[in-house]
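K.L.:
Listed here are the chains, written in short residue letters.
Protein chains: 2
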Amino acid sequence: MTVTDEFLANNAEYAASFTGPLPLPPSKHVAVVACMDARLDVYRILGLREGEAHVIRNAGGVVTDDEIRSLAISQRLLGTTEIILIHHTDCGMLTFTDDDFKRAVQDEVGIKPAWAAEAFGDLDEDVRQSIRRIEASPFVTKTTSLRGFVFDVATGKLGEVRPAAR
Amino acid sequence: MTVTDEFLANNAEYAASFTGPLPLPPSKHVAVVACMDARLDVYRILGLREGEAHVIRNAGGVVTDDEIRSLAISQRLLGTTEIILIHHTDCGMLTFTDDDFKRAVQDEVGIKPAWAAEAFGDLDEDVRQSIRRIEASPFVTKTTSLRGFVFDVATGKLGEVRPAAR
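Here the protein sequences line up with chains A and B, keeping their order. Residues in the first sequence are numbered from 1 upward in steps of one, following the working numbering. Residues in the second sequence are numbered from 167 upward in steps of one, following the working numbering.
Below, in silico cross-link-like pairs of lysine to aspartate or glutamate (EDC-like), each with a Cα-Cα straight-line distance of 16 angstroms or less: (1) B:278 / B:266; (2) A:157 / B:171; (3) A:112 / B:231; (4) B:323 / A:5; (5) B:308 / A:108; (6) A:112 / A:99; (7) A:102 / B:231; (8) A:142 / B:274; (9) A:157 / B:172; (10) B:323 / A:6; (11) A:157 / B:179; (12) B:268 / A:65; (13) B:278 / A:65; (14) B:323 / A:13; (15) A:112 / A:98; (16) B:278 / B:265.
No wet-lab data here; the hints were simulated from the structure.
Chain A on its own, in the form it takes in the complex (with noise of 0.2 angstroms):
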């Protein structure tokens, strides 16, 4: 028995007492950018309720083509306007370098791979970068509020990242 046949079961458990369905577009009109990290359960941190809010969540929580593709979906189609990033202590992606990563890739398989790790050395810059991303890109227009955050592992918490002069 694999992991995935005992969350299946789990799914049965939640079935049993699940109502629905709830209506397509986020009620709150938000869309979270975060962490893939387990540690995040994003709807429990936020005091997010079902049906609320677009959760979009990769390695390091940063904004890449495939976040401006989900949040330029989020905003145009189903009517999103706040978006709220989510990076952590204690994060995966400080603890190498692109090369590195890409060269054990590559020594492994043969092939470097085309695409950024995305790998960084400092939280809340990361945060501010994906912030700059996201005001730069021509398909994220209908931004009201933009906030980035550095969920805390040991407390809990959510620090908000303030703008830097650059």
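Please build the complex by placing chain B on the supplied structure of chain A, with the hints as guidance.
P.N.:
Chain B in isolation, oriented as in the chain A frame:
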């Protein structure tokens, strides 16, 4: 007051009863790739507890270079081996075409996105497409289980997508 402020107030409540920190690597060695849809509380749907699985999410739950990046980091640096893909009924990605979306963006801002919107017309087929993209990637090499599901937003149940003859 924005909705973001409201969610930050929720976070203060969350932190008040928070116990941490947990270890960085996912304890169940699983990575989930799911749609960003607001109705998918992935932790509840799978009975996930904090710290157990990486959760990657985007518009559609599709697999592009950025999901390959996240999965490669998840497997190579943080030891996951099982992958669970989750699409869902009543998905926004079923309601438009890439051509229409790109035309609408171009008409508004004058620039046509260089990326695909990744809209799809058939849920099962797109889950299979996502599975094939992972199988075809040279960078996701540690997979011991790779299964795809459609979440029913009316019942809360996950239905497995079976492989189809091509």
